[in-house]
Amino acid sequence: MADLDLVEFAVDYARKKGATYAEARFEHQRNEEFILKNSVLDALYITEDSGLGVRVLAKGGLGFAATNAMTKTDVRVIVDDAVRIAKAARRKDPIVFAPEDPIVMEWSVPQKKKLSDVPVEEKIEEILHIDRELADLKLKILARFFQQANRQIDKYFVNSEGSKIRSFSPRVRLDYFLTVMHYGNAEQSHQSYGRSGGWEAVREIDMLRRTLDEAKSMQNALAHGKKSPEGKMDLVAGPMVAGIASHESCGHPTEADRVLGREASQAGKSFITPTSIGQKVGSPVVNVVDDPTMEHAIAFYVTDDEGVKARRRYLYKDGMINEFLQNRETAAVLGTQSNGASRAVTYNVEAIVRMANTFVEPKDWGTDEMLEDVKYGVYMKSFMEWNIDDKRYNGKYVGREAYLIEEGEVTTPVRNTVVELTTPAFWGAVDAVGKDFELFHSGYCGKSDPSQALDAALGGPTIRLRNVYLR
Amino acid sequence: MEDYAERIVDKALKLGCQDAVADVIGNRSYQIRFAQNQVVISNQWRETSASVFLVYNKRVIASEIKDLTKLDAAVENLVKIAKASRENPDYAGLAEGPFKYDRLTVDKRIVDLMDGSDFVEAAIHGATAEGAKECAGSFWKYDEEHSLRTSNGVKGYDHRASLYLSIRALMSLESSGHGVACATRMSQFDPEKAGHKAGKIAALAKDPVGGEAGTYDIVFDPLILGSLIDQIGGRSSAYIVMAGLSPFAKKIGKLVASKIVTITDDGSADSMGRQRFDAEGVPTKKKFIVRNGVLKTYLHNTSTAKKFKAKTTANAGLIAPWPHALSCKPGNWTRDEIFEECRDGLWLTNTWYTRYQSYVTGDFSTIPRDGIFRIKDGEIVGVWKDIRLTDNLLHVWKSIVGLSKTVDQVNWWGEVSVPTFAPYALARKIRITRSAE
Numbered sequence: 001m002a003d004l005d006l007v008e009f010a011v012d013y014a015r016k017k018g019a020t021y022a023e024a025r026f027e028h029q030r031n032e033e034f035i036l037k038n039s040v041l042d043a044l045y046i047t048e049d050s051g052l053g054v055r056v057l058a059k060g061g062l063g064f065a066a067t068n069a070m071t072k073t074d075v076r077v078i079v080d081d082a083v084r085i086a087k088a089a090r091r092k093d094p095i096v097f098a099p100e101d102p103i104v105m106e107w108s109v110p111q112k113k114k115l116s117d118v119p120v121e122e123k124i125e126e127i128l129h130i131d132r133e134l135a136d137l138k139l140k141i142l143a144r145f146f147q148q149a150n151r152q153i154d155k156y157f158v159n160s161e162g163s164k165i166r167s168f169s170p171r172v173r174l175d176y177f178l179t180v181m182h183y184g185n186a187e188q189s190h191q192s193y194g195r196s197g198g199w200e201a202v203r204e205i206d207m208l209r210r211t212l213d214e215a216k217s218m219q220n221a222l223a224h225g226k227k228s229p230e231g232k233m234d235l236v237a238g239p240m241v242a243g244i245a246s247h248e249s250c251g252h253p254t255e256a257d258r259v260l261g262r263e264a265s266q267a268g269k270s271f272i273t274p275t276s277i278g279q280k281v282g283s284p285v286v287n288v289v290d291d292p293t294m295e296h297a298i299a300f301y302v303t304d305d306e307g308v309k310a311r312r313r314y315l316y317k318d319g320m321i322n323e324f325l326q327n328r329e330t331a332a333v334l335g336t337q338s339n340g341a342s343r344a345v346t347y348n349v350e351a352i353v354r355m356a357n358t359f360v361e362p363k364d365w366g367t368d369e370m371l372e373d374v375k376y377g378v379y380m381k382s383f384m385e386w387n388i389d390d391k392r393y394n395g396k397y398v399g400r401e402a403y404l405i406e407e408g409e410v411t412t413p414v415r416n417t418v419v420e421l422t423t424p425a426f427w428g429a430v431d432a433v434g435k436d437f438e439l440f441h442s443g444y445c446g447k448s449d450p451s452q453a454l455d456a457a458l459g460g461p462t463i464r465l466r467n468v469y470l471r
Numbered sequence: 001m002e003d004y005a006e007r008i009v010d011k012a013l014k015l016g017c018q019d020a021v022a023d024v025i026g027n028r029s030y031q032i033r034f035a036q037n038q039v040v041i042s043n044q045w046r047e048t049s050a051s052v053f054l055v056y057n058k059r060v061i062a063s064e065i066k067d068l069t070k071l072d073a074a075v076e077n078l079v080k081i082a083k084a085s086r087e088n089p090d091y092a093g094l095a096e097g098p099f100k101y102d103r104l105t106v107d108k109r110i111v112d113l114m115d116g117s118d119f120v121e122a123a124i125h126g127a128t129a130e131g132a133k134e135c136a137g138s139f140w141k142y143d144e145e146h147s148l149r150t151s152n153g154v155k156g157y158d159h160r161a162s163l164y165l166s167i168r169a170l171m172s173l174e175s176s177g178h179g180v181a182c183a184t185r186m187s188q189f190d191p192e193k194a195g196h197k198a199g200k201i202a203a204l205a206k207d208p209v210g211g212e213a214g215t216y217d218i219v220f221d222p223l224i225l226g227s228l229i230d231q232i233g234g235r236s237s238a239y240i241v242m243a244g245l246s247p248f249a250k251k252i253g254k255l256v257a258s259k260i261v262t263i264t265d266d267g268s269a270d271s272m273g274r275q276r277f278d279a280e281g282v283p284t285k286k287k288f289i290v291r292n293g294v295l296k297t298y299l300h301n302t303s304t305a306k307k308f309k310a311k312t313t314a315n316a317g318l319i320a321p322w323p324h325a326l327s328c329k330p331g332n333w334t335r336d337e338i339f340e341e342c343r344d345g346l347w348l349t350n351t352w353y354t355r356y357q358s359y360v361t362g363d364f365s366t367i368p369r370d371g372i373f374r375i376k377d378g379e380i381v382g383v384w385k386d387i388r389l390t391d392n393l394l395h396v397w398k399s400i401v402g403l404s405k406t407v408d409q410v411n412w413w414g415e416v417s418v419p420t421f422a423p424y425a426l427a428r429k430i431r432i433t434r435s436a437e
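Protein chains in written order, with my numbering: chain Y, 1 to 471; chain B, 1 to 437.
Treat the hints with care, since some could be wrong.
[As the list claims (entries may be wrong)] Below, a list of computed lysine-lysine pairs in the BS3-like style, where the Cα atoms sit at most 25 Å apart:
1. B:Lys200 x Y:Lys391
2. B:Lys309 x Y:Lys227
3. B:Lys83 x Y:Lys113
4. B:Lys429 x Y:Lys114
5. B:Lys296 x B:Lys286
6. B:Lys70 x Y:Lys391
7. Y:Lys138 x B:Lys250
8. B:Lys70 x Y:Lys140
9. B:Lys429 x Y:Lys140
10. B:Lys250 x Y:Lys140
11. Y:Lys92 x B:Lys133
12. Y:Lys114 x B:Lys133
13. B:Lys405 x Y:Lys72
14. B:Lys80 x Y:Lys113
15. B:Lys206 x Y:Lys391
Read the hints as simulated data drawn from the structure, not as lab findings. Here the structure is a predicted model, which is why all the values come from computation and not from measurement.
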């Protein structure tokens with residue numbers, strides 16, 4: 001680790017140079033990626049990413065500068081840069097941050113089996129044995145792509161208001177991409193799982209079972225799948241589908257920076273405006289939550305990258321728009337407090353408003369109960385293609401594993417069921433929320449410029465939508 | 001920087017590696033982000049790091065070394081990890097150097113630029129002059145020096161500097177336009193023009209109504225065609241083909257686009273993507289990915305080339321081959337002729353969130369954003385919103401019937417990941433869908 005006194009020096013020096021507020025974030029990230037393509041271990045990608053990012057407010061402008069050279073001279077240079085470019089902003093209305101009490105603390109995610117203690121051979125074997133078991137299924141698998149990634153993130157955050165926070169987050173990810181063929185037809189699947197914690201997370205994710213089940217369901221869809229029916233019918237959506245819809249059409253549109261137009265040119269704006277709080281967006285049974293404090297979810301944290309304590313946020317509550325994701329800048333504009341949603345992917349980019357672990361809050365329905373009430377519909381357990389417009393109003397999720405529901409029974413697999421609905425149409429149709437819950441799916445959420453692909457968990461229970469148009 | 005690169009390669013060879021590559025990169029890039037017609041943050045980077053690729057008995061390891069004060073320890077650690085790894089039977093070595101490179105063509109005025117505020121103001125002025133109320137975007141000064149050494153005798157130096165501005169102009173949430181400016185010469189950089197384009201589209205896109213699903217002729221603006229060209233460039237990487245992430249498997253020599261379509265990759269040409277050499281040090285060059293509609297080559301490094309019994313196309317990345325700078329050959333239609341020939345269709349100006357249901361077949365959808373215009377008999381007769389282009393990549397490219405004589409250099413967040421020269425294009429019978437309410 002570098003000389004952490006330099007982090008405090010950066011903040012003090014920035015104040016001396018005229019910054020009205022300054023913060024410095026040192027990060028040291030140890031990353032490992034093991035890439036297995038068609039049974040060949042293509043490469044190991046091993047990095048130690050470390051450096052310092054400094055953000056300042058000066059003359060109402062915001063400046064950020066970063067270096068990986070941890071010497072006093074280099075730190076001085078980037079502080080000078082940050083103050084100079086902040087002052088050059090010439091803003092009509094100065095940027096201010098909502099007030100926060102300083103925090104001095106240390107936090108870390110416990111590891112039962114430390115990532116640093118697990119030999120490289122064992123990490124490689126984790127994907128090799130899945131690949132072997134997959135081959136033993138004797139399916140025609142045209143392409144197999146596995147990635148096992150481990151990240152250990154040490155941070156030290158200091159700001160000019162007295163916050164000093166040290167943290168440690170170990171994270172484990174397992175991704176796969178499969179292409180199964182059957183008489184010239186292909187079915188493809190991409191899944192991404194992740195947890196915060198030590199090597200025990202690999203067992204919790206249970207990738208072997210998941211991958212084998214997926215390959216079998218792909219073969220089943222190819223061999224027996226029918227064209228998905230078209231028309232208005234019921235949809236029972238599994239945790240993975242509920243999770244992606246929560247992320248895309250609840251989490252993103254409630255990001256306050258998006259609502260205020262700061263991301264308009266890239267990730268876009270939002271159908272939600274600053275005055276939308278309290279407006280109906282779904283049925284009364286819908287609660288969608290973003291919660292960084294979910295222990296061992298991939299985006300777990302105690303304090304965000306502005307030094308604000310994290311807490312659970314009810315984005316949609318009882319079907320109403322309830323709360324935005326805020327950082328200190330957006331909170332000041334909207335006359336409220338930050339709710340600890342500010343994160344950066346590495347030391348060398350500014351922290352911005354981000355989701356963490358986003359999901360539908362579970363209720364009390366069993367999946368069987370939901371299914372038995374459906375005369376005709378589709379049970380969609382997972383998806384492949386998905387997208388949504390930049391105001392987060394028109395979403396599309398295309399089924400990967402899906403089945404017909406007839407008179408309450410799950411029957412034939414159906415292929416490529418298309419759910420293409422507006423956000424209120426999707427959430428307004430939900431009449432039942434399950435008691436099952438899963439939060440293993442982990443996306444790389446993209447936002448900002450330069451783009452920051454950040455760990456985000458998405459999940460929830462099974463949900464049922466009544467009388468929606470499918471094709 | 002050369003010293004660092006030299007040291008990494010020497011150390012790796014001393015530790016028993018057969019192949020080693022070190023690309024020491026000095027990044028001095030600078031950026032201004034703006035929104036609501038004001039600067040929201042300015043960013044400056046001062047970083048020097050090493051991209052490293054080592055091979056120990058066919059065990060491949062790649063890394064970024066950030067702490068250059070501990071180079072020796074970092075290389076020792078990488079070699080130790082490589083020894084514990086497994087052989088990669090597909091690894092076939094590095095290109096044999098040394099090579100000669102084209103002369104450097106960096107514009108010193110770009111390198112020396114300290115303040116880009118005037119460019120941001122010019123872009124916003126251009127957009128607001130057309131009636132835009134709200135502008136957001138980014139100005140970039142890209143400035144990177146590369147010092148490359150390989151164990152096969154490569155010694156390369158490159159300085160890559162360019163200017164870029166992206167602006168989205170809005171009249172309202174649903175009336176917007178986008179423009180970009182790309183240049184490797186300060187004298188060619190025209191952010192105000194990008195602002196005017198964004199503002200004009202935003203003003204034209206007033207009061208959109210929900211579109212209707214169906215099959216339409218489509219006029220693709222260069223920015224959205226750039227996204228479709230990007231799909232061809234990225235999915236022609238041999239690595240992506242092997243991973244099952246491309247519709248181009250077993251399609252070399254086959255028709256994958258209309259016969260009027262020719263797409264090249266050329267890192268040696270003057271563009272924002274210009275680079276003198278690839279990650280193995282091979283001098284960049286022009287190659288036809290698609291020529292007259294036929295898929296001519298995948299993009300290769302030395303290892304993928306051997307696997308496909310081909311030659312490297314000078315597209316090596318650290319692990320996978322990638323395009324550097326794409327170009328769609330202009331056609332012989334004027335822009336006006338493109339629109340005149342659009343009898344019952346749409347003019348799409350931008351898109352985002354391109355995703356596939358099947359990479360093997362190329363079935364995908366993408367969501368047009370910013371101005372979406374209904375065209376009948378060459379005239380704009382309406383403004384739409386809330387539609388999705390849901391089709392097949394090969395079908396879209398085979399449906400192109402006209403390309404404009406002029407091209408624009410485009411590059412855009414996520415969608416046009418590689419600097420690309422794109423014309424206007426007209427395609428027939430493209431499928432449009434929309435959400436149910």
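Going down the list of hints, with the structure as the test:
1. B:Lys200 x Y:Lys391: 21 Å, holds
2. B:Lys309 x Y:Lys227: 40 Å, violated
3. B:Lys83 x Y:Lys113: 23 Å, holds
4. B:Lys429 x Y:Lys114: 57 Å, violated
5. B:Lys296 x B:Lys286: 13 Å, holds
6. B:Lys70 x Y:Lys391: 46 Å, violated
7. Y:Lys138 x B:Lys250: Distance of about 23 Å is within 25 Å: holds.
8. B:Lys70 x Y:Lys140: 47 Å, violated
9. B:Lys429 x Y:Lys140: Measuring from Cα to Cα gives roughly 35 Å; hence the hint is violated.
10. B:Lys250 x Y:Lys140: 17 Å, holds
11. Y:Lys92 x B:Lys133: The hint holds at about 16 Å.
12. Y:Lys114 x B:Lys133: Given that 25 Å is the threshold and the Cα spacing comes to 54 Å, the pair is violated.
13. B:Lys405 x Y:Lys72: Cα-Cα ~55 Å, so violated.
14. B:Lys80 x Y:Lys113: 22 Å, holds
15. B:Lys206 x Y:Lys391: 17 Å, holds
The structure fails to meet hints 2, 4, 6, 8, 9, 12 and 13 from the earlier list, while all remaining hints are met.
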